[in-house]
Structures are given as C-alpha cells and as structure tokens.
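**Q** Let the hints inform the model, and build the full structure from the sequences given.
What follows is each chain in one-letter form.
Number of protein chains: 2
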Amino acid sequence: MRVVLSNSSKVPLYEQIKEQIGAAILGGDLGEGDALPSVRALARDLRISVITTTRAYTELAAEGFIATVPGKGAFVQPLDRELVREQRVRQVEAGLQTALDAAGPAGLGRDDLVEMLDTLIQAEQHESVEQ
Amino acid sequence: MRVVLSNSSKVPLYEQIKEQIGAAILGGDLGEGDALPSVRALARDLRISVITTTRAYTELAAEGFIATVPGKGAFVQPLDRELVREQRVRQVEAGLQTALDAAGPAGLGRDDLVEMLDTLIQAEQHESVEQ
DNA sequence: TCATCTGTACATGGCCAATATATACAGTCA
DNA sequence: TGACTGTATATATTGGCCATGTACAGATGA
Numbered sequence: 001m002r003v004v005l006s007n008s009s010k011v012p013l014y015e016q017i018k019e020q021i022g023a024a025i026l027g028g029d030l031g032e033g034d035a036l037p038s039v040r041a042l043a044r045d046l047r048i049s050v051i052t053t054t055r056a057y058t059e060l061a062a063e064g065f066i067a068t069v070p071g072k073g074a075f076v077q078p079l080d081r082e083l084v085r086e087q088r089v090r091q092v093e094a095g096l097q098t099a100l101d102a103a104g105p106a107g108l109g110r111d112d113l114v115e116m117l118d119t120l121i122q123a124e125q126h127e128s129v130e131q
Numbered sequence: 001m002r003v004v005l006s007n008s009s010k011v012p013l014y015e016q017i018k019e020q021i022g023a024a025i026l027g028g029d030l031g032e033g034d035a036l037p038s039v040r041a042l043a044r045d046l047r048i049s050v051i052t053t054t055r056a057y058t059e060l061a062a063e064g065f066i067a068t069v070p071g072k073g074a075f076v077q078p079l080d081r082e083l084v085r086e087q088r089v090r091q092v093e094a095g096l097q098t099a100l101d102a103a104g105p106a107g108l109g110r111d112d113l114v115e116m117l118d119t120l121i122q123a124e125q126h127e128s129v130e131q
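In order, the protein sequences belong to chains A and B.
In case it helps, UniProt numbering puts the first sequence at residues 1 to 131.
In case it helps, UniProt numbering puts the second sequence at residues 1 to 131.
Rather than coming from a laboratory, the hints here were simulated on the basis of the structure.
Hints are supplied without guarantee of correctness; some may be wrong.
What the hints assert, rightly or not - Incomplete in silico selection of chain B near chain A, CB under 7 Å: (1) Leu26; (2) Arg110; (3) Val114.
As the list claims (entries may be wrong) - Each pair of labels, with its calculated beta carbon distance range: (4) A:Ala61 x B:Asp111: 27 to 37 Å; (5) B:Val114 x A:Glu86: 44 to 54 Å; (6) A:Lys10 x B:Glu59: 18 to 28 Å; (7) B:Asp34 x A:Ser49: 56 to 66 Å; (8) B:Pro70 x A:Val4: 52 to 62 Å; (9) A:Gln122 x B:Gly33: 54 to 64 Å; (10) A:Lys10 x B:Gln122: 37 to 47 Å; (11) B:Gly64 x A:Ser8: 36 to 46 Å; (12) B:Asp34 x A:Ala61: 32 to 42 Å; (13) A:Ala94 x B:Gly64: 25 to 35 Å; (14) B:Asp29 x A:Val4: 53 to 63 Å; (15) B:Val4 x A:Val69: 48 to 58 Å.
As the list claims (entries may be wrong) - Here are some chain B residues the structure puts well away from chain A; computed CB gaps all over 12 Å: (16) Ser38; (17) Ala62; (18) Gly109; (19) Thr119.
Positions of the beta carbon are idealized from the N, C-alpha and C atoms, including for glycine.
**A** Pasting the structure below:
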C-alpha cells in the first residue's frame, strides 16, 4: 500500500489519501482485516500532519471502508459491495433528478434525455482515448 | 416592474434581482424593448451599490435576456425561446454528467442509468397525481 | 455646449467555508 | 514502563464569493 501525494493538485490531501486507499480496497489490493499504516506513520511518510491522515481515515471509516480502533490501529472492513453501490447510486440519482427537473421547462422528454445520455457517454469514451 | 430584496435570504442580492427580472420577462410582464430602471435608479431605490445592480444586469445580458447600452440604458431583448431552451439543456447536461461521473465507480452502466431515469420519471408522475 | 443622464472598469474589504496544522490526552500491548 | 495506537481540542491559512465606492466614457436634450 503506497500513497503518493501531489501538492500541485487542487484535490485536498485528505481526499487524495481517501481515493487511493479506497481504490486499493475496491481493487482487491487490500482485503478484509489488513492493517493500514498508522496515522502517525503515514503522516511521517508523507510529511504531513497527523490530523490530515486522521481525517482521511475517519471519513473512510464513516463510509464503511475501514474500522479504526483506538490504541490498535486501522483495519480494512469486509467489503460490503452492496453498501458501496448504494452510496454511489444516491449520487447518481441526485444528478438524474437535477437533470429531470430542468428537463421539463426545457421541453425535453424521456427519449431526449436518453439520447443526451448516450451522447455524453460517447464523449467520455472519446476523451479517455485522447489522453 | 418592482424588485423586492430580502436581506434575510441567503440568496445573493444580485441573484434576487436576476430572478425577479428574469421571471418578469418570461412571464410577459416585461416585453421586447421595454426599458429597465437604470442601474443607478435601481441601486438608489434598493439602497444598495451600483455595482451590485450592474452585476445583475451584466449577467442578465450575458444570458440574452436584456441588452445594455452605454449611455442609454438597459432594455429587454426579444425573448428567444430557443436560447432559453439552450440554457435549460445545459443544466440538464450538467446533471447527467454528474450522474455519469458517479455511475462509473458505482459499477452502473448505460442501461442501469436509463432504468433509473425511467423510475424517477414514474415517481415524478406519481407524485404529481398525489398532489 | 453643457448639465445630466446612461453603462463600465478598477481595486478593495468583509465574510465564510474548507483545508491543514500542533499538541495534549487516552487506550493497547509487549 | 515504554512505545506504540487513535482521538479531541483550538487555531492559522487560504481562496472564493459577495458587496462596495469612485472615477471614467458615451448619449441626450435643453
């Protein structure tokens, strides 16, 4: 488990940590019960404050990815894929609802929305190819 | 054309002005060619700075609702319903993009999104029946 | 022409949420 | 007991957004 931070990035440090550890868990590099580096060790390694690593761990714990145990450490939780999916699904729903709210006044119907969605998907794929 | 501001509202002053004038135009209370109060007159009336009224007018102009003419005043533009639609479409796109961004990590594909969309549409219709 | 109206450009100050921090406290375990 | 663990506290810094005053330039009618 190796975390790399970019200071030039506009993404907050604690967010970068969350993303990388979260990805490692989702990707299977970290499995249930695995111990994460302690907040202090990670802070020392990355040359940042303990509070920042703590924040990352706290939020990961709140999202169910890890469990923190005072005096012992932080450990990967059994990956509840259903829970993870639920959280993402809410974000998706929120976005779709926003689109839907704006669609009415714009005179756009269900089929128009689907069409736009397909267009956006294609644009996204095209973009990833460009890079 | 009467603008009323609420200081207790968390909505910015310039935004409140935009909303009310925009609504008046869309609602037909203001028609093509009608003169709006000058930025100074409106500022005096509302006891706020010229800069704030200017900001409201500038953004309304950028969105095609009005035209500002140095030395003359601000005037309602012919309501280009196509343009209005364009703007709504952008909001729709933004919502869809948000949903799309969240969909990837959630393991949701194109078909899943369409399905969710249909569900939301049904929920919406059901809601309107209830009311 | 000149007084007075019009919109516009500029730099600045206040506010607030988000980010990152140091340090002291409390639990675990060899 | 010593050396590790996570946690709670108050605080500093930053950056974006809102609102502002003032000086400038164009238009218009007496």
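**Q** Could you run down the list of hints and mark each one as holding or not?
**A** Hints versus structure:
1. For B:Leu26, the shortest C-beta to C-beta distance to chain A is roughly 10 Å, which exceeds 7 Å, and the interface hint is violated.
2. The restraint placing B:Arg110 at the interface with chain A holds, with a minimum CB-CB distance near 6 Å, inside the 7 Å limit.
3. The restraint placing B:Val114 at the interface with chain A holds, with a minimum CB-CB distance near 6 Å, inside the 7 Å limit.
4. Distance hint check: the CB atoms of A:Ala61 and B:Asp111 are about 34 Å apart, consistent with the given range 27 to 37 Å.
5. B:Val114 and A:Glu86 have their C-beta atoms about 19 Å apart, which leaves the hinted 44 to 54 Å range violated.
6. The supplied range of 18 to 28 Å is met by A:Lys10 and B:Glu59, whose beta-carbon atoms lie about 26 Å from each other.
7. Hint check: B:Asp34 to A:Ser49, Cβ distance near 58 Å, so the stated range 56 to 66 Å holds.
8. Taking the beta carbon of each, B:Pro70 and A:Val4 are about 53 Å apart, inside 52 to 62 Å as hinted.
9. About 43 Å separates the C-beta atoms of A:Gln122 and B:Gly33, a value inconsistent with the hinted range of 54 to 64 Å.
10. For A:Lys10 and B:Gln122, the hinted distance range of 37 to 47 Å is satisfied, since their beta carbons lie about 39 Å from each other.
11. Checking the proposed 36 to 46 Å range against B:Gly64 and A:Ser8 shows it holds: the Cβ atoms sit about 38 Å from each other.
12. Against the hinted window of 32 to 42 Å, the Cβ-Cβ separation of B:Asp34 and A:Ala61 comes to about 59 Å, which falls outside the hint.
13. Our hint of 25 to 35 Å for A:Ala94 and B:Gly64 holds, since their Cβ atoms are close to 29 Å apart.
14. Separation of B:Asp29 from A:Val4 is about 58 Å and conforms to the stated range, judged on CB atoms against 53 to 63 Å.
15. Distance hint for B:Val4 and A:Val69: a CB-CB separation of about 57 Å, consistent with the stated range 48 to 58 Å.
16. Distance check for B:Ser38 against chain A: the nearest CB is about 30 Å away, which clears 12 Å, and the non-interface claim stands.
17. Residue placement check: B:Ala62 keeps its beta carbon more than 12 Å from all beta carbons of chain A (closest about 19 Å).
18. Some Cβ of chain A comes within 12 Å of the Cβ of B:Gly109; the nearest lies about 9 Å off, and the non-interface call is violated.
19. Taking the minimum C-beta to C-beta distance to chain A, about 9 Å, the non-interface status of B:Thr119 is violated against the 12 Å cut.
Hint check: violations occur at hints 1, 5, 9, 12, 18, 19; the rest are consistent with the structure.
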